[in-house]
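Enquirer: Based on the hints, put chains X, B and U in the right spot on chain H.
Residue numbers (this note's numbering), protein chains in the order written: chain H, 1 to 168; chain X, 1001 to 1093; chain B, 2001 to 2343; chain U, 3001 to 3080.
Calculated from the structure, these hints are not laboratory results. Note that the Cβ used here is the ideal one computed from N, Cα and C, for glycine as well. One should not assume that every hint holds.
[Stated by the list, open to error] Over 10 Å on every C-beta distance to chain X, these chain U residues come out as not near it, computed from the model: (1) Asp3032; (2) Ala3040; (3) Ile3048; (4) Leu3054; (5) Leu3057; (6) Leu3058; (7) Leu3060; (8) Gly3064; (9) Pro3066; (10) Tyr3069; (11) Lys3072; (12) Met3073; (13) Leu3075; (14) His3076.
[Stated by the list, open to error] Below, simulated DSBU-like cross-link-like pairs (lysine-lysine); rule was C-alpha separation at most 35 Å, straight line: (15) Lys2092(B) to Lys2078(B); (16) Lys2082(B) to Lys2092(B); (17) Lys165(H) to Lys28(H); (18) Lys2312(B) to Lys2049(B); (19) Lys2312(B) to Lys165(H); (20) Lys3072(U) to Lys165(H); (21) Lys2092(B) to Lys28(H); (22) Lys3072(U) to Lys2078(B); (23) Lys2082(B) to Lys2049(B); (24) Lys2049(B) to Lys2078(B); (25) Lys2082(B) to Lys28(H).
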Amino acid sequence: MDLIPPDATFVVLTTITLLGAIMALQAKELIYGAISLAVSFIGIAGFFVSLDAPYLAMLQIAVYVGAVVVLILFTIMLVRREEADKDESGETGESAAGLWIAGLLAVSIAGVAALAGPNLPTNPPTADLPITQLGSVLARSYPVPLIILALLLSGALLGALVLAKVDR
Amino acid sequence: MSAALLGIGIYGLSVKRNAIRILFAVELIVNAANLNFIAFARYMNPPRISGQVIVFYSIAAAAMEAAVGLALILVAFRLNSSIDVRKLNKLKG
Amino acid sequence: MVNLPSTPADILPFIIAVVTSHTFITLVFFPGFIHLVIVVMFLTWYERKLLARIQLRIGPLYAGGPGGILQPIADGVKLIFKEVMIPYKADKPLFLGVPLALVFLGALPFAVIPFGQHWVIANLDVGLVFIFAVTSLFPSMILIFAWASNSKYPFLGGLRSLFQQVAYEIPMWISALSVVMLAGSLNLVQIVNAQQKIWFIVPAFLSFIVFFIATMAELERLPFDLPEAEPELVAGWFTESSGAIYMVIFLALYMKLYLMSSLVTILFLGGWWGPAFLPQPVWFILKALVVATFIIIPRGVYPRLRVDLLIKIGWTRLLIIALANVFITVVLLSTGVLAAWGL
Amino acid sequence: MPFESGQVPQGEARKRIVMQYYPYLLMFVVFDVVGMFLFAWGISFRSIAPSDSLLVLLFLFLLGAPLGYALKMALHRENW
Chain H
1 MDLIPPDATF VVLTTITLLG AIMALQAKEL IYGAISLAVS FIGIAGFFVS LDAPYLAMLQ
61 IAVYVGAVVV LILFTIMLVR REEADKDESG ETGESAAGLW IAGLLAVSIA GVAALAGPNL
121 PTNPPTADLP ITQLGSVLAR SYPVPLIILA LLLSGALLGA LVLAKVDR
Chain X
1001 MSAALLGIGI YGLSVKRNAI RILFAVELIV NAANLNFIAF ARYMNPPRIS GQVIVFYSIA
1061 AAAMEAAVGL ALILVAFRLN SSIDVRKLNK LKG
Chain B
2001 MVNLPSTPAD ILPFIIAVVT SHTFITLVFF PGFIHLVIVV MFLTWYERKL LARIQLRIGP
2061 LYAGGPGGIL QPIADGVKLI FKEVMIPYKA DKPLFLGVPL ALVFLGALPF AVIPFGQHWV
2121 IANLDVGLVF IFAVTSLFPS MILIFAWASN SKYPFLGGLR SLFQQVAYEI PMWISALSVV
2181 MLAGSLNLVQ IVNAQQKIWF IVPAFLSFIV FFIATMAELE RLPFDLPEAE PELVAGWFTE
2241 SSGAIYMVIF LALYMKLYLM SSLVTILFLG GWWGPAFLPQ PVWFILKALV VATFIIIPRG
2301 VYPRLRVDLL IKIGWTRLLI IALANVFITV VLLSTGVLAA WGL
Chain U
3001 MPFESGQVPQ GEARKRIVMQ YYPYLLMFVV FDVVGMFLFA WGISFRSIAP SDSLLVLLFL
3061 FLLGAPLGYA LKMALHRENW
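Extracted from the complex, chain H is given alone in its bound form:
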């Protein structure tokens, strides 16, 4: 049922990513949370490399770790208050409920994956996905999504600017 053979790389990357994710949500200081989030993203970028998508790994690092985390850090420093640093989980009952929901979901998905596992090829087919192909496919094969992406980017830029502007 092993989708991917559990070799050392996989184990290390999994540990990094999951620990980063847990720390991102549980760290006492928000700044540490943001840093752990960055670590988690780097772990995922490592997965992308091991899955023959190096360009996307670089995209992940440049966009998430390079840009989004900087934005998050800046915002944290902007809204910084003493109480924002305290552990801000809800009451114990709520946390337990959240844990249950999340656990059930994760277990059920993992169960489905384990059931479907044998049907998937265990040995990945040899990869032949050059990055030039990614470029040409991106630029050529999906015209409508590309235009939507442009609109999304400009909309997000303008929307965020107008939101953040000080009203006088």
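Expert: Then chains X, B and U, alone, in the frame of chain H:
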């Protein structure tokens, strides 16, 4: 692996009260989905490039979502001087 | 590949085989660690000497060797034995951890920099983007360090540094894009190979200028050194660092200087290509040092800019010039003007 | 003790910071994505027909107007 990441994300989304942490959780969920796209496209026979294309758009969309979300948090902070989502229950500032 | 030793008698030949293997040599000696440290130490001395000459001073003199060339070693020894002071209420793990991470990030890109046809540690297909991705981590690291010092000057300096690097990263990428289009590859070895007949500084001259200016801004060099403006901010974002921490940060900054000048060499100045009487790596290092000289010289000459003007110039002028050069490249490539040089 | 020119530090060091340059940060996030996309297009530029690149030029053109507007907003510092 991806399921566990998704689980952590859902947990964060449902439990945390700090708006920035909720944003973290959303990013984690999106990343879990991205990882699945790449992995399944890679294990197809023959491997597909389309998984990577989708993830490209997904990363772009998630980055924009983070930008707008953080701007929203800023506005909320400016109006209420708090980023606790449970205090943001008023429709009027 | 070398087999692992099975008997004690095999251990010595094993060590010799490992030490003389190509991987080990590239990793440790030549494009690797030792070469890097030596060049970085040379650069610190070179910068002080050059600036002194510009300002009609003498510069380092007493540390031994011609012109005090052993000064970096003396500096290093001094800094190692100084006390590391950690400010009151500073964030200790981050304060100590970030400088190490900075050095790691400064050294990592050298793994993909080709110093010669075969002198490269990892020949990545996405080499250029890898370098950009790694260098894009610097601003956040600096911001975190500035925050961790728990002091006002570093914090202001860190913020300035953040905005400056952020403002100049995009023009830098876009100007490198023309080169990527000309070479049709992100692999640094292939980019250099494409320049065998003509250096890319000729067809992409505007890009070269934009890239060079953006490089100076990324490196926080004069006239863009606002993050460490001495009259206002003491020493900028590393004001609080002392002793070994200071040395480590300095090392990282000079590694970045060397990295950026190597990048200019690769993208625009034809990498290791040159008349054959010198070996390829020598040409490469010479070119990189010349570029570094031109990055250093303005420090002795120009005053610094105001921070809002600095950011404005980056976003309005440089970005537009870089985009214009992309269009020029599109036209050049589609009309086939450059076909004579095999492009 | 943080270094403050020999004077005793006053107030909190990690103050809330000005956001005058926040719009530039937003522009950076957007153009980070655009830049990475352009690199993907740039490496394949010579392998696809020039007419196929018109789409990308349209993409850039679409982003030009918001960029101009964002710059105009960012340069008016009384907005922030």
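Enquirer: Could you run down the list of hints and mark each one as holding or not?
Expert: Cross-check of the supplied hints:
| no. | hint | in the structure |
| --- | --- | --- |
| 1 | Asp3032 | 7 Å, violated |
| 2 | Ala3040 | 8 Å, violated |
| 3 | Ile3048 | 14 Å, holds |
| 4 | Leu3054 | 19 Å, holds |
| 5 | Leu3057 | 19 Å, holds |
| 6 | Leu3058 | 17 Å, holds |
| 7 | Leu3060 | 15 Å, holds |
| 8 | Gly3064 | 18 Å, holds |
| 9 | Pro3066 | 12 Å, holds |
| 10 | Tyr3069 | 16 Å, holds |
| 11 | Lys3072 | 18 Å, holds |
| 12 | Met3073 | 13 Å, holds |
| 13 | Leu3075 | 19 Å, holds |
| 14 | His3076 | 17 Å, holds |
| 15 | Lys2092(B) to Lys2078(B) | 23 Å, holds |
| 16 | Lys2082(B) to Lys2092(B) | 18 Å, holds |
| 17 | Lys165(H) to Lys28(H) | 30 Å, holds |
| 18 | Lys2312(B) to Lys2049(B) | 33 Å, holds |
| 19 | Lys2312(B) to Lys165(H) | 18 Å, holds |
| 20 | Lys3072(U) to Lys165(H) | 13 Å, holds |
| 21 | Lys2092(B) to Lys28(H) | 15 Å, holds |
| 22 | Lys3072(U) to Lys2078(B) | 50 Å, violated |
| 23 | Lys2082(B) to Lys2049(B) | 24 Å, holds |
| 24 | Lys2049(B) to Lys2078(B) | 19 Å, holds |
| 25 | Lys2082(B) to Lys28(H) | 33 Å, holds |
Going down the numbered hints, you'll see the structure goes against 1, 2, 22, while the others check out.
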